[in-house]
Structure formats: structure tokens, C-alpha cells
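Which chain is which? The protein sequence lines are A and B, in order.
Numbers in this note's numbering are just positions in the first sequence, counted from 1, shifted up by 864.
Numbers in this note's numbering are just positions in the second sequence, counted from 1, shifted up by 864.
Just so you know, the hints here were simulated from the structure itself, not pulled from any lab data.
A portion of the hints provided could be inaccurate.
If you anchor each label on the Cβ, the simulated ranges turn out as follows [said to hold, decoys possible]: (1) A:A885 to B:Q1152: 33 to 41 Å; (2) A:P875 to B:E1108: 24 to 32 Å; (3) B:R1166 to A:P886: 34 to 42 Å; (4) B:S1052 to A:T968: 42 to 50 Å; (5) B:A885 to A:R1013: 35 to 43 Å; (6) B:E984 to A:R1111: 51 to 59 Å; (7) A:P930 to B:S1052: 55 to 63 Å; (8) A:V1186 to B:R1045: 53 to 61 Å; (9) B:R1111 to A:P930: 47 to 55 Å; (10) A:R1013 to B:P1185: 52 to 60 Å; (11) A:P930 to B:Q1152: 53 to 61 Å; (12) B:E984 to A:G896: 50 to 58 Å; (13) A:R882 to B:D1180: 33 to 41 Å.
Here the structure is a predicted model, which means the values were calculated and not measured.
Note that the Cβ used here is the ideal one computed from N, Cα and C, for glycine as well.
2 protein chains.
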Amino acid sequence: MPPKNKSPLPPEFELIARYLAPLAAGVPAALGLKDDAAILSLHPDRELVATADALIAGVHFFADDPPDLIARKALRVNLSDLAAKGATPIGYLMCWALPESIDTNFIEAFTEGLRADQAEFGIAMLGGDTTATSGPLTIAITALGEVPRGRAMLRGAARPGDEIYLSGTLGDGALGLSVARGGLPGLSGSERAFLLQRYRVPQPRVQLGMALVGIARAGIDVSDGLAADLQHICETSGVGARLERSRLPLSPAAAAAVQADTGLWETVLAGGDDYELIVTAPPERGAQIKAAARAAKTPIARIGRIEPGAIVAITDEAGTPVSLARGGYRHF
Amino acid sequence: MPPKNKSPLPPEFELIARYLAPLAAGVPAALGLKDDAAILSLHPDRELVATADALIAGVHFFADDPPDLIARKALRVNLSDLAAKGATPIGYLMCWALPESIDTNFIEAFTEGLRADQAEFGIAMLGGDTTATSGPLTIAITALGEVPRGRAMLRGAARPGDEIYLSGTLGDGALGLSVARGGLPGLSGSERAFLLQRYRVPQPRVQLGMALVGIARAGIDVSDGLAADLQHICETSGVGARLERSRLPLSPAAAAAVQADTGLWETVLAGGDDYELIVTAPPERGAQIKAAARAAKTPIARIGRIEPGAIVAITDEAGTPVSLARGGYRHF
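Could you put the whole structure together from the sequences, leaning on the hints where they help?
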């Protein structure tokens, strides 16, 4: 965080006009951020998907993380929730509460991060609220998207016999958090940098989610940890699941980490902050799933199967059930 | 705020299941708050209206205010923004960050406040995010509503010759804040109680806003203060305005306050926190405006006129322009 008052903030309205209004430029729905509300038309064949996630300094990121990366993470964790439903992102409303230590350099870098990700994901700022706080920087974003009517991937849609797929690689985010805290000193510098970047800037699987609409049944993004989020699917769908740990796709850096310390499997399986997609689909859709992943240029791996019952069983290489000390990230 | 850990919070998922999921019960769009997203269908003839406002302890309310009233205010300031566009409220997503001092008694009372206002305004909780914070209680709400396509009341729609109308009474909220801070000791106990209640529980003019769709042109709610919010309409519409202070509707308590101390006119005109509606409409719509107000059981007063130019002129009883030391509430 920059020193206090290094470059003091302009008055609220000027701050909005200078730094936020450009993020809504050219988007009629946002009404130039001048109207306290956004007004959107949806195509009659589409449904609205709305999701909200807040990030707080000291809880979800470090106050001295690069401001543009804080902004992008705040946006991306919300885009990841849209992706898990198969939604096409439209835009977002951002409420942020600024501590006194925030200066214009921070605001410039932060809004530059928003601008970059808006361009990458084809979205705009639609509204929000800027306030001061005596507490830590707090960013609450509501993201809006749209999905063909009745086709969203829901948590409760998994059926026994479905294959379970996971996008990308698992555990990088939680291991990256360890790196940010000074852990994993045995890894190489480039491995540590890779994991840290994955923690700071998750990759929401927006294209993949959109491509899977009508193909996959259930969908969720891995934010609480693979074990906990798969449990969410199973509880909501009234099913169980069986995974083989050896099938889980790991990055070279994560593989090196668990090879050096098998205790880190706990971090990989239950650490969270992955923002990869778990989806389920009947076996006969396997080829379509793979084609969708290729079209979205996103790796996907089959990691297990939905079963009758209510138990999420993860087995290791020897077929022995893996027990996890914790079910996933909890705030309290 | 209750003493720390008097009645500690349950784990996050249990807190959501016990206190928040009931606020989404029976509303398919909310997916039982189990899906990290809400999925809504809009009528093809309707547009979505989305607005977001955050409230922070120590900034927008006092940490020891009754929890149910904090909740209702957080919801109502957002409903007021929907009302200003003429939108019919649908529901809301709430991100809240809880300091350690919050216990289950607080949560129970807070969610009871949400429940009461959901019933009053016919809305449901659609989603959100519950986190811990080292800072003050922070509540960021995104409210969603719908309005007939192309009929929303916009800030930029005022035209010279339009009459300016104001709902309810002005200044109660800002004077109520003075009462909360121990001010206005000269008022009677019931006057002080009335003003305090108006500050704590604003009345969003939802029915009035809906009734004015297709009748009024421009609309805004008074949150920054009459002078500042009328300025917003004028800047966005490229017009000026002329108001007579004597036409402004005051409650008996506010009238008593300004009679005892004419300096309080500043608070009435620029204090904000009114959450009344300012709307403009051509003179020939006067009868329709009054009929809409009657139908919505909401008082409305004609307070001035939109003029060419760019100046917002407020004149006192002698026709002398009133100058305001500040343009409206600013966070920094």
C-alpha cells in the first residue's frame, strides 16, 4: 500500500468521472454511470445470471498486492461463477470501500486492471458505489451474464453415471497462497512465480463454460476446494462421487510440490482458490465435452464419476480413500 | 454492538443455511442460495434495472443502531434507486463483511429486518457473499428490478418547461442524523423520535415510482441532498432549474427545526439521506402526476420548474437566491 496521502484522492464525483466512467464508456446500459442504475435489455431467449462475491484486503488478497491484480482477481472470481453456469458475461456493478491509505496511484493501477480484463472478457462496468471506510479495502462485485433459457449448468443437475470433468490444473491457487506467505522454499524460482501468479490472477473459464451449455449437466467453479465444491454438487444433486487422485491434472509446479511433500495433497484437494470448472455429463457426451474444450482452448480432464449415494470418495494411487482434515476454505 | 463472542457465529455454510436461505425460500431464481448465482427470466417487454449501494458502519449508520434497522436501511436505499427509475423490484444480492464483534443475536435481528422488508416490498434475496472482515460491518447490496422497455425515468430526460415534483417531506433524514448525534435538543421528544426514525428507516417510494412510469420524464432519488441531486438531473439533461424554498414540503418536526434555527435550511436542502423522489414532467401531465401519487398513497408537491440554461436557483421567501456552503454529501 502506498504511503498515506502520497497522492490524495479527488472528490468522489470527480473520481468517478475520471477513473470509473471510462470503464462504462460506449455502453448504453451503464448510462455513463450517471444514473445510479443500469438498464439492460435481454434477448427474449435468454435468462439473466447474477452472482456476487466480495474480496477484502487481508482475507482474499494482501493489501500490498499490485492494485491491477487485486482488481482483476475481484472481477475474475465473479466471472468464474458465471462461467460455471455457462453464462456469457455482460458486465458488473462494483461497490468498493476505500481506506484512507488509498491514493490516486492505486486507483489508476486498479482501474487499469479492470480495463484490461473488461477488454479480455468483453464486459463493461454498469454501476456501483464508491465509499470511504475505516477498515480494509473491500471490493464487492455483482456480475451479470446471460444464458440460453433453461440451459444453465446447475449444481443440482448431476446424475449417477455422469463423468466428472475438471478444467485446467488443480491446486495452483492454494499453493500460490503458500508461496505468497513465504512457503514452498524448495521449489524453483519459476515454479514459485507460476503458482503466485495463479493465486493472484485466476483464469475464469468463461469460454469453456459457454461452450459446455447444452452438453454438460452440472457445473460449479472450484473456489472452496475440489473436495468441498464437489460435495456441493453431490449434496444439491442427491448423489455421490468417486475420484482417483492420480487422475487430477496438476501443473508441473504443483506436481513438484506434492512430490517433495505429499502432505501438500491436502492443499491441492481442499485449499481452494482454483477457479477451475467441475462439470458432469453422461458418458456418451465425452466426445462433445472434449470438442467444446478444444474450441475453448481450455484443457479438460476426466477425473471421476458420479455415483448413487451421498459419499464423495477420493482414492489415492493404491485405491485407499484419502481423508481430508478440512472440507474447504471457511471464513469462520 | 453486542459484546464479542456473546453468541458466536456458526460456520459459514450453516449461517447461510440457517439465516439466509429462508430469505430465498420459494423463489426459483435464487436456487436456494446454493448455486453461487441466481437465474432470472424477464418478460420480453421488460428491461432489467440494476443498482448497487454499500453501507458501512460509522459512515452510513452507527454500529450500535438496531440490527434490523441497519438491514432495512441497506435494502431501502437500493430500493429507492429502483423507485427513481420507475422499476418494479425483483430481488437483491447482498455481500456483507462481518467483524468479529457480530454474534448470532445480531444476525438474527438483521435477517429479521431483511425478512420484514422483503415482505413489504415483495422481493427476495437472490444471492450474495458472506465474509469476515477486520474492519467495520459492511453491507453491499445490488438490487434488481424491471421496467417496461424504454420507459425508465432517467436523469437526462428533463426538458425546459417541465414541472419539478418532490415526494414526501424534505430534510427529515439529515435532521434525524443530527438527532442521532445528540443535536436539536430544542425539539420535542416525539419530533426527535420522528426524525431519528426517518434517518434510520427511509421510505423508498417504490409504488410512486412505478405509478409514474410513462407520466414523468426524469427521475432521481434524493440521497446526496435536494440541491445536489437536482444538479445531477440538470447536468445530465443539460438544463437549469428554479425552486422556491417556501414550496418545499416539510414535516412538522423539520418545520419546527428550521423555525427555531434558520441555519438548518442548509441541512434540509443539502443534507441528503431523504430517499424521496424528484421527478419532472410537462405541465399538462400535472393531473396524471397527482392521480399517480394518490394511487400510490404518497404525498407529492410541485416545487419548481426546469428552465433553459445550467443553473439550479433556489430562492427564499423574499425571492433572494439561497447559497449553499456545500453541494451535498461527499465521502471524501
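Going down the list of hints, with the structure as the test:
no.	hint	verdict
1	A:A885 to B:Q1152: 33 to 41 Å	holds (34 Å)
2	A:P875 to B:E1108: 24 to 32 Å	holds (29 Å)
3	B:R1166 to A:P886: 34 to 42 Å	holds (38 Å)
4	B:S1052 to A:T968: 42 to 50 Å	holds (48 Å)
5	B:A885 to A:R1013: 35 to 43 Å	violated (25 Å)
6	B:E984 to A:R1111: 51 to 59 Å	holds (52 Å)
7	A:P930 to B:S1052: 55 to 63 Å	holds (56 Å)
8	A:V1186 to B:R1045: 53 to 61 Å	holds (58 Å)
9	B:R1111 to A:P930: 47 to 55 Å	holds (53 Å)
10	A:R1013 to B:P1185: 52 to 60 Å	holds (56 Å)
11	A:P930 to B:Q1152: 53 to 61 Å	holds (55 Å)
12	B:E984 to A:G896: 50 to 58 Å	violated (32 Å)
13	A:R882 to B:D1180: 33 to 41 Å	holds (35 Å)
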